[in-house]
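Respectively, the protein sequence lines represent chains A and B.
Counting from 1, position 252 in the first sequence corresponds to residue 242 in our numbering; the numbering is continuous, with no gaps.
Counting from 1, position 171 in the second sequence corresponds to residue 161 in our numbering; the numbering is continuous, with no gaps.
Just so you know, the hints here were simulated from the structure itself, not pulled from any lab data.
Careful: at least some of the hints might be erroneous.
You can't tell identical chains apart in this list, so a pair holds if it fits in one copy or across any two.
As the list claims (entries may be wrong) - As a list, the in silico DMTMM-like pairs of lysine to aspartate or glutamate whose alpha-carbon atoms are at most 20 Å apart:
#1 Lys129 with Asp98
#2 Lys234 with Asp9
#3 Lys288 with Glu222
2 protein chains.
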Amino acid sequence: MTRPGPSKIHALAMPLALDSGQVLEGAEIAYETYGELNADKSNAILLCHALTGDQYVASNHPITGKPGWWERMVGPGKPIDTDRFHVICANVIGSCMGSTGPASIAPDGKPYAMRFPVITIRDMVRGLVALLDGLGIEKLHAVVGGSMGGMQTLSLAANWPDRAQRVLVLASTARHSAQNIAFHELGRQAIMADPNWQDGDYYGADAKPDNGLAVARMAAHITYLSEEGLTEKFGRRLQDRDAKSFGFEADFQVESYLRYQGSGFTQRFDANSYLYITRAMDYFDLAEEFSDGPGGGKLADAFAGTTARFCLVSFDTDWLYPTAESRHVVHALNATSAKVSFVELSANAGHDSFLLPHDQLDRVVRGFVE
Amino acid sequence: MTRPGPSKIHALAMPLALDSGQVLEGAEIAYETYGELNADKSNAILLCHALTGDQYVASNHPITGKPGWWERMVGPGKPIDTDRFHVICANVIGSCMGSTGPASIAPDGKPYAMRFPVITIRDMVRGLVALLDGLGIEKLHAVVGGSMGGMQTLSLAANWPDRAQRVLVLASTARHSAQNIAFHELGRQAIMADPNWQDGDYYGADAKPDNGLAVARMAAHITYLSEEGLTEKFGRRLQDRDAKSFGFEADFQVESYLRYQGSGFTQRFDANSYLYITRAMDYFDLAEEFSDGPGGGKLADAFAGTTARFCLVSFDTDWLYPTAESRHVVHALNATSAKVSFVELSANAGHDSFLLPHDQLDRVVRGFVE
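Taking the hints into account, I'd like the entire structure generated from these sequences.
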């Protein structure tokens, strides 16, 4: 995999001690920034990206050439206004857009592949905090994230409570449910069942596990959309034909769309990174981190004594991380007397709604980060 | 694939003219019966099975040795009482438990594989009606089916309105939604991405596309269960361990369960049958069958002039075929002044609820078929 893009690279000053007990040596973090950092370094906003996201928030993706994933939210005069704020977005460790991950070269000169340590959401945030340290940013104006980015945002707020004044969490959860884990396991099994996966040692091989990765992406993509949204967007409409083919081509538009999503994804993402990042998400249970053992803990304990302001946003058709998950976080914050606001927005696009045009969302984000 | 079981085999007297325009010659239907047929052949109940179901309703499965899939509902003194009724359940064409399907030997002496014609739900019912003709059963006391069995049940009621006095449809739909199609397409892509699939020509080969089929089954299985049911059954509980492994083993119970479901399924089901049957379900749009072209039609037209009594049952946590789909059928039946009753039952197991113990369901079924 060619090292992507023109991102800035921060080499961590210290080895990264991971939740697994392992230590990641010589890790690098690739990041993008938008807008100027002010003199007292008080106007920084850290954006945390989702599972298959990256640091290209508001600039073209170096592989696909497509606009950044949150162009509509981040830029001059936009809700996260780069005329006022210095926006930082870093590729998480474990990913494949320049930060150290399974495709990176290990100290022995070969790619890590499955020798890369299993990481957690908190480990990702350890990397982000190390980056902030490196940049000399003591306290963020805000930390913002949707989906897995919201998990990082919550993890930062809980584990580094002095590092952010405002915490904005969109379409996310404080723990992965059994159904969330099930969908991810399905994706992992699809990848690992692909003979080209080769126990992860496919770097430099003629073929990558693209088929398995495409199936994993298709499964995930279904969870990002609502039943209503799919019906409105595709219904049972046929693709470039007037009648069913009575064959196994993509007769329906929704089939064609899914195939396109699956195959397009393999151009820009590393299958092993998909395994590691989904694993990190499945392991995420913020309450458990503040307890004595697996499955225990009170989420309120994660936020004890926090002075940050929180805002949680959910979408009524998001069945991946439904409103109840956001409300669960809000209740925990209420129990600690934290400053928290919460809004459930109506949108028919399901989980993906946080990435799509939504005037009310814009107003909420703009108002909260001001 | 060894021809399974001790089922009765009915060789169709006539070639089967299919919706595709193709003709299936020499088709056979494998079926089981329970209870005695009375002298005037008026006590027959046809049960229609689901996607991966079969004719072994109330007798052990010949491959797995497990009890029949609806033992709790069908038998002496049970809601569908075999002391009173003659229950017939036939393997649908396209399947792999004895009825003609892609694994069957074509007239040229080789397995059909992907040369098997693409079939529809109505084609399956054509096979069932031919079986009834062969058995000399003019009018069913009732036709009953859940999930894909419910589609067949609706198709029989619409296309052969004189053949059934009572029509009982559980957890089903009159058309496959975009989301339904998406999940099936995901499964098909998983199978067809498996190198052992070999364009369907794997019969007699050393290896079958078991990995792909297992992934397809895992995906489907998630849709059969509710988020609530998964949380109650598994939550985030670990499997045979006290702590996360920080690896890619099945740490969570839900992962272990899914892997088991996936691999177990490959022992008893043919991958090509999975392709054909999911395709038939995706093609299902009962209103369209009574219209001039793709996507059109009023569902009420499918039931015009019916004299049968209908009963629709949905489950509140079924997100595969949610209550709205049953209600859509009920409204169409109301519009034709058909006799119809409808109940949404509360159950936390999602789509699978129709197969699981449920006292209210038992009472509804018993009361309706009496």
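How would you classify Lys234 and Asp9 at a CA-CA limit of 20 Å: within, between, both, or neither?
between (52 Å within a copy, 11 Å between copies)
Measure nothing new, just compare the shortest in-copy and cross-copy C-alpha distances for Lys288 and Glu222 to 20 Å and report within, between, both or neither.
Classified as between: cross-chain Cα gap 19 Å, same-chain 40 Å, threshold 20 Å.
Is the C-alpha distance from Lys129 to Asp98 at most 20 Å within one copy, between copies, in both cases, or in neither?
Neither. Shortest intra-copy (37 Å) and inter-copy (76 Å) distances fail the 20 Å Cα cut-off.
Of the numbered hints given earlier, the model fails hint 1 alone.
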